[in-house]
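Asks: Each chain is listed here by its residues.
Protein chains: 2
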Amino acid sequence: MKLATLKSAHRDGELIIVSSALSRAVKATDIAPTLQQALDQWHDCEKALTARFLALESNELSNAFAFDATKTTSPLPRAYQWADASAYVNHVELVRKSRGVEMPTSFWTDPLMYQGGSDSFIGPRDPILLADEAWGIDFEAEVAVITTDVPMGVTPEKAGQYIALVMLVNDVSLRNLAMNELGKGFGFFNCKPSSAFSPVAVTPASLGEAWDGKKIHLPIISHLNQKWFGNPNAGIDMTFDFPTLIAHAAKTRPLGAGTIIGSGTVSNSDRSFGSSCIVEKRMLETLADGKPSTEFMKFGDTIRIEMLDANNQSIFGAIDQEVMRYHPPA
Amino acid sequence: MKLATLKSAHRDGELIIVSSALSRAVKATDIAPTLQQALDQWHDCEKALTARFLALESNELSNAFAFDATKTTSPLPRAYQWADASAYVNHVELVRKSRGVEMPTSFWTDPLMYQGGSDSFIGPRDPILLADEAWGIDFEAEVAVITTDVPMGVTPEKAGQYIALVMLVNDVSLRNLAMNELGKGFGFFNCKPSSAFSPVAVTPASLGEAWDGKKIHLPIISHLNQKWFGNPNAGIDMTFDFPTLIAHAAKTRPLGAGTIIGSGTVSNSDRSFGSSCIVEKRMLETLADGKPSTEFMKFGDTIRIEMLDANNQSIFGAIDQEVMRYHPPA
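Protein chains in written order, with numbering that gives the first Met the number 0: chain A, 0 to 329; chain B, 0 to 329.
Bear in mind the hints are in silico, worked out from the structure with no lab data behind them. Remember, predicted model here, so these are calculated numbers, not experimental data. A hint or two may mislead.
As the list makes no split between identical chains, a pair holds if one copy fits it or if it spans any two.
With a cut-off of at most 30 Å between alpha-carbon atoms, the simulated DSSO-like pairs for lysine-lysine come out as follows [stated by the list, open to error]:
1. Lys250 with Lys280
2. Lys46 with Lys6
3. Lys70 with Lys250
4. Lys250 with Lys6
5. Lys213 with Lys280
6. Lys70 with Lys6
7. Lys250 with Lys297
8. Lys157 with Lys297
Whole structure, please, built from the sequences with the hints as guidance.
Replies: So this is what it looks like as structure tokens:
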């Protein structure tokens, strides 16, 4: 099953069901007005949503309409929790190496995770509005899951059952604000502006063999200004799988329905697959040439993030965004 | 005006209006079913809520009932954002001093703020359920504000107008998990379990002269196991006032309605007023005696946090919680 949220007068949009091919859609607001409300009652809603999805797939619905990803918000336009990991530890190791700092070996066993802002996500085709190019604007192509209610203290062995949906993320990052915030020790804040998620969120079951219950075994493809930037496989080099990340997040508190857990920048140690963020590429350039040559994003630059199935069909629809100048209130 | 949320079958509870004296209440669900929904339409709802509050105050409402703080959730049982600062910088300086580390002077001008988990707050009289006493269980008595929609890039001069409500917080903290997380650089996560907020949230206007538009000039009183622990004045030594904290949080993204911004542990440099968390007291003991003598909280320990007005009337109702052992799912 595939779900999306249409922009509407309501902050949380309108829940729709989308066909596998992303060509057609049908409203689901009578089952649950919003995706959050569906997740709040997932046990009750999932069956009804699935039944309608199957009817949509077999063209039985006269009220179906053409799906238009440009009219969607992020599947959850706002969420009660967005916790983002850095689960591809080879990427973290590279970051450290380029700074000449050794990575603690505990990073291979103890997940890195930060609490992100979840009150104001941007749509997958919305501009990335920022006031200053000098902040070092970067994208991060990631996979994320949305959970149902997760009990505190769940084990990694049992955490997988709470994964309701899978989607992609552009975790927009401001690299030149990050160093100051790292130094303060309170984690990322200003350096993490609003994130954007893929037009469509899908159930693990709909991913077929690409989903092994713990991670998704497909490349995540990034194009910066319409040029290939990377297509590392999200199933390779993921040191901490999603159930492990959920268990980590739930160590000392329960996770509410609609919690989003991100993988962090997808990164393969085989560098021929490119990168999922500019800062990684700059580090590779620094290690090779002594200095970076790829610039951070400027106003007018675009980033497209997508994942294709075995038949080259887009699974989640594309995140496709342009960086634009924001003018703060006078 | 004073608002609270009654526990109900719904995750977000039921919005009620509470009398100034915290003695009586009336339902407001016909105006807005939940506090979040009122905040989403604050411009429309505030007037209707205020009118009913005034009617409640003058005993005009036959459907009023006795207010019972034990039946409340936190005013927002879950929120889209909980961003907590450390605005009493003398406390931060003390933390550093006790570790023998100098505090960067920039900490006096650049606010410390971390993104907290906001998906699963606990009620003001709910137990603090935790699996392990060895985590170093501490409370933190703080003031917080709830905002309406805040535009990105708002200035501190204009940010005050977005403060809708004021309340108290117990920012439960696990001190023995904090050092490892500080070392990882991604901020606090496991060391910050679910927070609890005061039974009642109040409009700035209802605070009268105690509110100067930027901070609240009253002591926040903590009792640990029914013994006085501290009553530092929240209006003294607050290096960054609430408009400044809001502007900091909104530097690179807008803040959605219902954003909660916390002050961090209230702390006065005049130590005779005691402390608002155990770790501060332990640091003072370490500086005085070479080692701490106050232990962190154990199962069965209680913490009560309250603020009284000039007439010794409780403004927000008391946060009053017992630490209890949590048994994770098998």
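Asks: Confirm or reject each hint.
Replies: Each hint, compared with the structure:
1. Lys250 with Lys280: between (34 Å within a copy, 27 Å between copies)
2. Lys46 with Lys6: both (24 Å within a copy, 28 Å between copies)
3. Lys70 with Lys250: So Lys70 and Lys250 pass the 30 Å test across copies only (27 Å; inside, 37 Å).
4. Lys250 with Lys6: Between. Shortest inter-copy distance 25 Å satisfies the 30 Å Cα cut-off; intra-copy 35 Å does not.
5. Lys213 with Lys280: within (27 Å within a copy, 44 Å between copies)
6. Lys70 with Lys6: Result: close within a single copy only, 6 Å intra versus 37 Å inter.
7. Lys250 with Lys297: between (39 Å within a copy, 18 Å between copies)
8. Lys157 with Lys297: Answer is between; shortest inter-copy Cα gap is 29 Å, intra-copy 44 Å.
Going through the hint list in order, the structure satisfies each hint without exception.
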